[in-house]
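**Student:** Residue strings, one per chain:
4 protein chains.
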Amino acid sequence: MVRRILLVSCPDRPGLVATIAGWVAGRGGNILDLDHHTDVESRWFFLRMLFVVPPEGAALDVLTTEFSPLVGAFEMTVSFRDPTVPIRMAILVSKYDHCLVDLLLATRHEDLPVTVPVVISNHETVRSWADLFQIPFVHLPVTPDTKPQQEGSVLEELQRARVSLIVLARYMQVLSGDFLARVGCPVINVHHSFLPAFVGAKPYHQAFERGVKMIGATAHFATTELDEGPIIDQETVRVSHRDGVADLVRKGRDNERQVLTRAVRAQVTHRVLTWRGKTIVFDE
Amino acid sequence: MVRRILLVSCPDRPGLVATIAGWVAGRGGNILDLDHHTDVESRWFFLRMLFVVPPEGAALDVLTTEFSPLVGAFEMTVSFRDPTVPIRMAILVSKYDHCLVDLLLATRHEDLPVTVPVVISNHETVRSWADLFQIPFVHLPVTPDTKPQQEGSVLEELQRARVSLIVLARYMQVLSGDFLARVGCPVINVHHSFLPAFVGAKPYHQAFERGVKMIGATAHFATTELDEGPIIDQETVRVSHRDGVADLVRKGRDNERQVLTRAVRAQVTHRVLTWRGKTIVFDE
Amino acid sequence: MVRRILLVSCPDRPGLVATIAGWVAGRGGNILDLDHHTDVESRWFFLRMLFVVPPEGAALDVLTTEFSPLVGAFEMTVSFRDPTVPIRMAILVSKYDHCLVDLLLATRHEDLPVTVPVVISNHETVRSWADLFQIPFVHLPVTPDTKPQQEGSVLEELQRARVSLIVLARYMQVLSGDFLARVGCPVINVHHSFLPAFVGAKPYHQAFERGVKMIGATAHFATTELDEGPIIDQETVRVSHRDGVADLVRKGRDNERQVLTRAVRAQVTHRVLTWRGKTIVFDE
Amino acid sequence: MVRRILLVSCPDRPGLVATIAGWVAGRGGNILDLDHHTDVESRWFFLRMLFVVPPEGAALDVLTTEFSPLVGAFEMTVSFRDPTVPIRMAILVSKYDHCLVDLLLATRHEDLPVTVPVVISNHETVRSWADLFQIPFVHLPVTPDTKPQQEGSVLEELQRARVSLIVLARYMQVLSGDFLARVGCPVINVHHSFLPAFVGAKPYHQAFERGVKMIGATAHFATTELDEGPIIDQETVRVSHRDGVADLVRKGRDNERQVLTRAVRAQVTHRVLTWRGKTIVFDE
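Sequence order for the protein chains is A, B, C and D. Residues 1 to 284, numbered by the numbering used here, are exactly what the first sequence covers, in order. Residues 1 to 284, numbered by the numbering used here, are exactly what the second sequence covers, in order. Residues 1 to 284, numbered by the numbering used here, are exactly what the third sequence covers, in order. Residues 1 to 284, numbered by the numbering used here, are exactly what the fourth sequence covers, in order.
Calculated from the structure, these hints are not laboratory results. The reader is advised that the hints may include incorrect statements.
Distance windows between CB atoms, simulated [said to hold, decoys possible]:
(1) R242(D) to P136(A): 34 to 42 Å
(2) E124(B) to G26(C): 51 to 59 Å
(3) D283(C) to E228(A): 33 to 41 Å
(4) R242(D) to V237(C): 50 to 58 Å
(5) P69(C) to R43(D): 31 to 39 Å
(6) R162(C) to E124(B): 31 to 39 Å
(7) R242(D) to R108(A): 50 to 58 Å
(8) E41(D) to D131(A): 49 to 57 Å
(9) P69(D) to D131(A): 33 to 41 Å
(10) M1(B) to R182(C): 38 to 46 Å
(11) V237(C) to E228(A): 43 to 51 Å
Once the Cα atoms are required to be at most 30 Å apart in a straight line, the calculated DSBU-like pairs of lysine-lysine come out as [as the list claims (entries may be wrong)]:
(12) K251(B) to K147(C)
(13) K251(C) to K202(C)
(14) K95(C) to K147(C)
(15) K202(B) to K95(B)
(16) K278(D) to K278(A)
(17) K278(C) to K202(A)
Among chain C residues calculated to face chain A with C-beta under 10 Å, some are [stated by the list, open to error]:
(18) D33
(19) F137
(20) F194
(21) T236
(22) R238
(23) R242
Computed from a prediction, not measured in an experiment: that's the story for all the values here. Backbone N, C-alpha and C define an ideal beta-carbon position, used for all residues, glycine too.
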């Protein structure tokens, strides 16, 4: 028996769980973990299921084909995943290394079931980290004038690396709408504030000016509207009047990397669905 | 259609979800929320399901009878519940009122779907709270000599009140094994430490002596082994060298009531199963 | 020896601590607790000191007079306080009772060294709580048309009660600039969001719409700019896609009351100074 | 003007702050930050002071000598520190790298004002991390038979490196009383439980068996009594019935490194005093 994951979203109606569970049982499979949620406002049904099936007929395209009658009947959006195959994940980074290192370390500790085929940066600063983890490092500097060409080069590298997830680990460039339209896979970003507070530049400076007593970090999907994409995870940490901007930056570092790595873990363990600008994050 | 909850535990085997979901569909019902967990060590299956069924045949005894063939076939322990019927819950308390008030307030705010038919105390101290909430208050003082008789009186009051849950809201008497054997329903206690640290008397004094930097509270089912019952919820709060025992008591108060009310909410929304000295607490 | 507290703010310069500590020693006093902070940007000095002095000459006006040469020499703003005298604190509230009850309960538990001479509300809803705690309750209903007159009546009640602190415990009326200009003492409000996120009305609805993964509460001084006053304390709590607006309200309740009571405790134990739109909150 | 720190502990008596602050003022210095605490039970006085003095006469031995009359008069234990001189800190580690990496990364980010002259391990596993950070790595394997000799070799390396702090970053060997008696500087350890819960071996297994709903980590000074030394910092993280031992280990990793790095930061910024088996940790 081999493990597979199924993600489903569709209009809610009676019998969905029975139908899906019956389909698994009919193939000689068994469900190990099933979590479902219905959004009461929109009457929309979301399901994540970890199940085992006999290895013959367990290929993702076979499963997808054989499940397709249900897709048609129930207007489902479905995705079969193989949890034993690591996600190919590119990391984009500028000069700050803490999120990058946390992701690479989590990968080595097997907390993240991913392969990182490439680290791309607009600076040389973090090259030694890529070297240490023996990951190809691509330096693609950018200026306001060269941004379109640089984004084209980034896209080429991503396609060459055949990634299905891009993580912006404190990549300090705003990606263009054109880039996002062409990238073809989810892009997860970390913003160093408790969104929607302190959007845009220098959120720790903004937080210091306002005199907040907690700072935050937010991992979200990048969309064309800056800092407005669906939120995957957030975390806060206490600060006081004794903390200057430099202290907020220091305390925030630990917060950012935790939130980003946690959000990436949710994504690469196939727990995240998006719906009308929000996320469903199935519990681990 | 009316709402019902089913709780199941049994040995794990293929097809359980499909069988249960199919049974619901076969009755013209629909599953609103299904959460299942399999304990990998013991290969034991746990499920909580919120579902709707047509009102005819929705009585709990009817459902139980009609589900019984599955119980036999799969060695299940099952329990059907009606989420629209408030749990009858007794509160036992001594002199500290903070947990009692939090439970009563949560009840009034409809955060706890319960009815409190009786508050029992070995002191008169908290009578005014019972009066305010218009709940019968029974004063049953106790001394070491009169303990067996007092426990007998408490049991009589509980039976008269027909409760299906007892909450010890800082009730400072250790219940005898005989009492627990005869009480006939779950008993939830709150211990003012992060169990298993600081079992027994005066945990805040113990915590102060040890110089911990966090204190805790633990809600657990009372069993014959003091402070050893299955843990339902825990929470911690930071303390410092500036905090004396009185400060730990003050900070702990807020912690205790939060943990206890949260654990009671889990229980009365039918989310808690016990298994081999631990709990499964299905997410809300 | 009797206990006194001194709060100082002034431009930073060498020798301030020595001067102040020397002044105490020169009067035969002793410092029990001294905490100071210098804001590095503005080079401003803040100090809180708990000290004992002989009872003769310990009256606040005597201390103030005798300390006045230092005030002149160092451009100080100072305030002597008597920690053994409870603060007279009015509570304004609308229909939600959770913050009110938490404040009253904390007062009874002696966590808050205050006297509450009056509870004022624009509704009758919470009268029974005031009755239970034997506190005068004043019902002053308000409509858009009668707002100026109602605010006048509130001011009269506050003056009659001779309060030195006003707490808005979910008082759902925006106080006018005129009211705030005439009230003559600090006003602490709780806003049910993590400010500056979700200012204004219905923050839980806003939070639900945005799909945040944590909600917050903020206690701050009320100023003429709505939700823009100096922040005293904040706290957050996790939420998920399973939480509807009603769940945010429920989880938020516990958060709001904790934050508000904590902020009030800071204020009434003489730990809060404001400076350029922010607070210094000396640690307990 | 140059920065210095003074740490004082002594029996409490009137005028201590005035005397100390006056001494600074008398040398033409200025206090930037002063925090003091009096333990009410033992009537013991603790003070940390950051101050500036003219560079002439600012050498630590000069300050110590000139302060010595006060030491004699008030039975003080004092220590002058130079915050601009990084602490020389050795790291002992076994196979787990997460605490080591966090410490080294925090050092590079200048969150820890330290120099790490040596990393010592009983395994080769983490050598590449030392190489990356260009820190000498010493491999000193140990067996039960060779433990005394190995500890001797470790002591030699530590003396050669002239360290004033030793951090056990998941060093899985129990240090002998003889080692601790001879080491001559503080030793900070991290234990992967919420002490005093789950002392000794395999705390995550113990936590799993007990069914706790939170796990913890504790940074403490190593003493001859295993897991009984003064606690510097603790932190907890939520777990659920879905978490197996491997999940506790994963969640605990992040917790351990945070607690250890935070405790080390407190120590190397000269904020920690010990007193009767506990710590005073002055706030940052």
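**Student:** Hint compliance check: list the failing hint numbers for this structure, sorted ascending.
**Tutor:** 4, 7, 9, 10, 11, 12, 16, 18, 19
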